[in-house]
Amino acid sequence: MNINQKGFAGFFSVLALAGLLLALVWGQAVGAEEYDEDTYGPEAPIVFVAPVKAVIFTHKTHTMDAGLTCDSCHDEIFQMESGSTEQNDDFTMKSLYDGKYCGSCHDGETAFASNTRCTVCHIGVKGFDRMQGGPKTDAHGGH
Amino acid sequence: MKKISDLEKLKNEGVENLPSSERRRFLKFGLSVTGVFLGGSILSLTAARNAQGIVEVMPPQAQKFPYSPHYSMVIRQNRCIDCERCKEACVKTNHVPSYGYRTTILEMERETSPGESERIFMPVLCNHCNRPPCVRVCPTKATYKDKKTGIVMMDYKKCIGCKTCMAACPYNARYFKEEIRAVDKCNFCYDTRLSQGEKDTACAAACPADVRVFGDLSDPESRVYKLIHAPEKVAWVLRPETGALPNIYYMND
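Read top to bottom, the protein sequences are chains H and F. For the first sequence, the residue numbers in our numbering are 432 to 574. For the second sequence, the residue numbers in our numbering are 110 to 362.
If you are wondering where the hints come from, they were derived from the structure by calculation, not from laboratory data. Just so it is clear, the structure is predicted and the values come from calculations on it, not from any experiment. Here a beta-carbon is modelled for each residue, glycine too, at the ideal position from N, C-alpha and C. Take the hints with a grain of salt, since some may be wrong.
As the list claims (entries may be wrong) - Derived DSSO-like pairs: lysine-lysine, alpha-carbon spacing no greater than 30 Å straight-line:
| no. | chain 1 | residue 1 | chain 2 | residue 2 |
| --- | --- | --- | --- | --- |
| 1 | H | 525 | F | 201 |
| 2 | F | 256 | H | 557 |
| 3 | F | 342 | H | 557 |
| 4 | H | 557 | F | 272 |
| 5 | H | 491 | F | 286 |
| 6 | F | 286 | F | 256 |
| 7 | F | 335 | F | 308 |
| 8 | F | 335 | F | 256 |
| 9 | F | 256 | H | 525 |
To be verified - Reference excerpt, derived from the structure (chain F facing chain H, CB under 8 Å, subset only):
| no. | residue |
| --- | --- |
| 10 | 188 |
| 11 | 228 |
| 12 | 230 |
| 13 | 233 |
Claimed, not checked - Ranges between beta-carbon positions, derived for each pair:
| no. | chain 1 | residue 1 | chain 2 | residue 2 | range |
| --- | --- | --- | --- | --- | --- |
| 14 | H | 526 | F | 221 | 36 to 42 Å |
| 15 | H | 499 | F | 338 | 23 to 29 Å |
| 16 | F | 266 | H | 526 | 49 to 55 Å |
| 17 | F | 218 | H | 470 | 28 to 34 Å |
| 18 | H | 470 | F | 288 | 55 to 61 Å |
| 19 | H | 540 | F | 231 | 51 to 57 Å |
Kindly produce the complete structure, drawing on both the sequences and the hints.
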């Protein structure tokens, strides 16, 4: 009885281990590729708060998904140092339309034009507050 | 003479198909007979009109059109990025407390195709309706439609704070301002800007994306007039089924 039980448990643990291994190998081959920050840039989204609040940029979308490399943008279009670009006075939509910054690619040919699909990048004050931890409730709503 | 039993055999036509005036006469008659004459559906809160309301003949209350100037705002919705500078400007100009708003931005997510969605920001404010439900329900006439400009205004001294107007407003555009113990709302910056010679509202002036276009809808040379009358543009209003005949128009540019 006792031995029998042990054997039973052992059989199952072997089965579970094999399953786990299989899942791991299969996951590596078919599942999502691991995000490597050295190759693709910081995983955390960049959030610009100037000149307007707020614009979101994710490295993953541009590197891992779209196939750009670091030197596609750094350091000619964007300084590598975070927070440096939004200090420039000419970091405006006008500059983008003139082919600077995001507008280097977002010109309607390489990628969607800067004067279309505004809210793909613009997350607004609401989006910004959400990222800062929890949605800010509108005081008015409850009345 | 017809007997009641004969009348009962007639088909009930319902009230939906009666013209406003006839229905009004009928209601008036019924209510005066029963002694509860209130001159309309109680507080207007009962029945929302169906969508036919907007294509109906202009009711007497709304026959003064246009006002002069007929203030209106066109909101070019897809340009809004929720930077909320309009809100900041409004708060500063009109001393709006943090718990309320005269204008705000709503946010929604709309599915454009399976697995893809777009974010939409929708600025909202008082619609300065041609047939304002808030004015109709106010027991003290503290809120009224300005005879000249059509702006829905507040006389704070007359407001008793019953908040019926807040319940009646289809646009949630009113809040109770504790500091003055009265309801407060957008008045197109009438006291703070328009009467001081400014040509637009604080929110419109502050918008960096030119979302809010403010002006006189009765002037064919104004931007609002041109936008609204451009044949290639689709314009819409919020909650047309309420029959309030709003003056805030929405479009995508």
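Hint check:
1. H:525 - F:201: holds, 28 Å
2. F:256 - H:557: With Cα atoms ~38 Å apart, residue 256 of chain F and residue 557 of chain H exceed 30 Å; violated.
3. F:342 - H:557: OK: residue 342 of chain F and residue 557 of chain H at ~29 Å, within 30 Å.
4. H:557 - F:272: holds, 28 Å
5. H:491 - F:286: violated, 46 Å
6. F:286 - F:256: holds, 25 Å
7. F:335 - F:308: At roughly 17 Å apart (the allowed maximum being 30 Å), residue 308 of chain F and residue 335 of chain F satisfy the hint.
8. F:335 - F:256: holds, 24 Å
9. F:256 - H:525: violated, 43 Å
10. 188: Holds: closest Cβ of chain H sits about 6 Å from residue 188 of chain F, inside 8 Å.
11. 228: At about 4 Å, which falls below the 8 Å cut-off, the nearest Cβ of chain H leaves the hint on residue 228 of chain F intact, so it holds.
12. 230: holds, 6 Å
13. 233: Violated - the Cβ of residue 233 of chain F stays beyond 8 Å from chain H, reaching only about 10 Å at its closest.
14. H:526 - F:221: 36 to 42 Å: violated, 28 Å
15. H:499 - F:338: 23 to 29 Å: violated, 45 Å
16. F:266 - H:526: 49 to 55 Å: holds, 51 Å
17. F:218 - H:470: 28 to 34 Å: holds, 31 Å
18. H:470 - F:288: 55 to 61 Å: Roughly 57 Å apart at Cβ, these two residues keep to the hinted range, so it holds.
19. H:540 - F:231: 51 to 57 Å: violated, 31 Å
Checked against the numbered hints given earlier, this structure breaks hints 2, 5, 9, 13, 14, 15 and 19; the rest are met.
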